Each structure stands twice: as structure tokens, then as C-alpha cells.
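Participant: The sequence shown begins at 476 in the numbering used here and counts up by one.
Derived from the structure by calculation, the hints contain no laboratory data.
Hints may contain errors.
[Claimed, not checked] Distance condition first, Cα-Cα at most 30 Å in a straight line; then the derived DSBU-like pairs of lysine-lysine: (1) Lys779 / Lys521; (2) Lys609 / Lys521; (3) Lys653 / Lys609; (4) Lys589 / Lys653; (5) Lys617 / Lys591; (6) Lys591 / Lys523; (7) Lys589 / Lys521; (8) Lys521 / Lys591; (9) Lys521 / Lys617; (10) Lys779 / Lys589; (11) Lys523 / Lys589.
Here the structure is a predicted model, which means the values were calculated and not measured.
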Amino acid sequence: MSGSSSSKITDSLDPEVQSSGEITAGGGGRPSTEESRWHTVCTLAKLKRQRRLHTQVDGRYISLFFDSRPQASLSESPSIYCLDSICYHMGGPLTSGDIEEIDGIPCLSCPWHKYKIDLRDGTRLSRPVTFDPKTRRPIPGKWESGPRCVQRVHDVRCTEDGRVEVRILEDGQVLSDKYAYSSRAARNLVGKAAPFQPVDSSRPSSHAAEQPDVHRNSKRRIDTYSDAESESIVFSTASESSPTNLPQRFKDVFGDNGVSLETLCSDPSRYWKRVVVLVGAGISVSAGIPDFRSPNTGIYANVKQYTNSLRAPEDLFSIHYFRHDPYPFYRLCHEAKL
476 MSGSSSSKIT DSLDPEVQSS GEITAGGGGR PSTEESRWHT VCTLAKLKRQ RRLHTQVDGR
536 YISLFFDSRP QASLSESPSI YCLDSICYHM GGPLTSGDIE EIDGIPCLSC PWHKYKIDLR
596 DGTRLSRPVT FDPKTRRPIP GKWESGPRCV QRVHDVRCTE DGRVEVRILE DGQVLSDKYA
656 YSSRAARNLV GKAAPFQPVD SSRPSSHAAE QPDVHRNSKR RIDTYSDAES ESIVFSTASE
716 SSPTNLPQRF KDVFGDNGVS LETLCSDPSR YWKRVVVLVG AGISVSAGIP DFRSPNTGIY
776 ANVKQYTNSL RAPEDLFSIH YFRHDPYPFY RLCHEAKL
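Take the sequences, apply the hints, and build the full model.
Facilitator: Next comes the structure, spelled out in C-alpha cells:
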């Protein structure tokens, strides 16, 4: 991926100061094809005041951050970052999360699942866990960034006259592309703030959404959404004309031709015994249970025996995937004699 999500700035906005991003002076005359890819999203003064700003460029939901804290890796200068607004994991409101610094790495913490995303390059921070051979107590390792970009970052620069411009990068495939244009996911981000609007590249944008109080009523909003999604899982899985018509492959698993989706939903205890649900990979690892990503023994490796549509272990937690094709999970439970 070319370019960088960050740009160093100085109070004088000296166009000669270079960084991993770009700081250029605004020019006159007819813009080149390359220059036409740059869009003005706001003024630097506004971004400094608000610290973060959500907007939409060419239909893509993006967010900008002004980080005034000195960064040793960025020559002690304040920085501006630009990346996709919506979390690659499950479409969560990533860029409304807290900005943290972990082992010198500036990152965002997603409010939904606490995934840490490096603001500089869009990689995910992770920390390997080993176990003491005698006590079996977990020993957390050092936080690491990478190895690949999961949240797309975009070029950002400041002009001499105090405008902040971004250039959308779309080369290659990045996981956050899945939700980059989702208006439904964007609503989780801005809440009751002004809706996203396309920017006018000819002037500083007046349509960028103000950062709302994302913590007020956030739990209630998320729980309500989750409940609605959960209630519709079973009756949205099959492409049958009636929700009471159980597909043949489910009948093969249950071994009971009298079972219907309606019966399964209303009386699950008749068909499922000793089912334990663990929420969060950290819980299983700390308990000495294989992580969902563990080769051969993890849930991901086992479920993949029955499907070719899982792209990554994290897809296991996507309600959209489960709604589309829950059969592999039922099959795994059946084989495990749960």
C-alpha cells in the first residue's frame, strides 16, 4: 500500500518539512490528475479543536485524528491520522473508541470488542500468551503490531493555507473494505450526530459529523441491536419458503425427521445437552483451552472441515456469517456429541 495514514505538522505548516505522510502547500492553476484525488475535509483549526472528525469521501466512511502528544517515532511532532471509520472485525464504531499508547504505539481501541488498531498503518496489535510449565499460569508477552493491515489507512496532508486534505487509497484488499460503505454500520458510529455527507473537494467541508458522546446509552443501543439480531438467527438461515421447513442437511444431523426450525427454537433442550458458550478468546486461553485460532484443535480449524466460505478465524464471531450458513456449527456440535 502506498502512502501513510499519518502526517506530521508544525505550527508554521512549513511545506519543506517532510514526513511519512505529506505536507504540501496549496497551489494554483489547473490541478493535475494526481492532485484531483485530494479532497479537502476540514480546516486544521477545526481538527485541532475537535481532535477527531468523521466524514465521507467518495462514499467511503473515514475518520481523522489530531494527536498532539509527542511521538518519539515521529520526531516529537504532533500527528494527523486518517483511516476507515468502521471496524474491520464486525462493523463496530472503531473510530469512536479511545486513543491509547501501548509500548509507544498510538492505537485505537474498538468500543465493541477492544481490538487495538495501530493508527499509523492499520495493523492490529496482539500479545502472545505462553504458560508457565509448572504453574500453568498465563504469561502475557509483548504487544506486537502486524503482520498485515486490517483497517485501511489513507493519505493525509496539510496545505499552507490551513486546510486538511485526504487521498483515498484503494489498492489491494483490506478487511475493513467490507464495511467501508455501510450506512447502517456508520449509524452506530455517529449515533444522534449529524449524518455523514459527501465532502465538497472545492472547499473545507461543512458536512463532517461532530464527535458525539458515544458512551451515553451505548450499552443499551448495542444490547438492543444484539437482541434483535439474535432473535432472527434461526428463522433467517434457510432459503426455504417457510421457516418451519427444516433443510434436509439439518435433518441428517439431528436424525429426527420430525424436527422443525420452530421446534428447535422453542425447545432446544430436547436436542442439545451440555452446551457451554465461552465469550472471548482470552477466557479460553487463560483456562488452558485451545484458542479459537489454534491449528487442528481450535474451533476455526474444525468448522472449516464443513465449509469453504470462512475467510478468517474472526468470521466465527460474525452474526452475518452464522445467519447465512449455521450448518457447520451444528455439524461440529453433533460430531462432538454435545
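Participant: Decide, hint by hint, whether the structure agrees.
Facilitator: Taking the hints in turn, this is what the structure says about them:
1. Lys779 / Lys521: Distance of about 48 Å is beyond 30 Å: violated.
2. Lys609 / Lys521: 56 Å, violated
3. Lys653 / Lys609: 44 Å, violated
4. Lys589 / Lys653: Holds - the C-alpha atoms of Lys653 and Lys589 are around 19 Å apart, at most 30 Å.
5. Lys617 / Lys591: 14 Å, holds
6. Lys591 / Lys523: Holds, at about 23 Å.
7. Lys589 / Lys521: 28 Å, holds
8. Lys521 / Lys591: Within the cut-off at roughly 26 Å; holds.
9. Lys521 / Lys617: Distance of about 37 Å is beyond 30 Å: violated.
10. Lys779 / Lys589: Roughly 26 Å between the alpha carbons, so the hint for Lys779 and Lys589 holds.
11. Lys523 / Lys589: 26 Å, holds
Violated hints, listed in ascending order, are 1, 2, 3, 9; each of the other numbered hints is respected by the structure.
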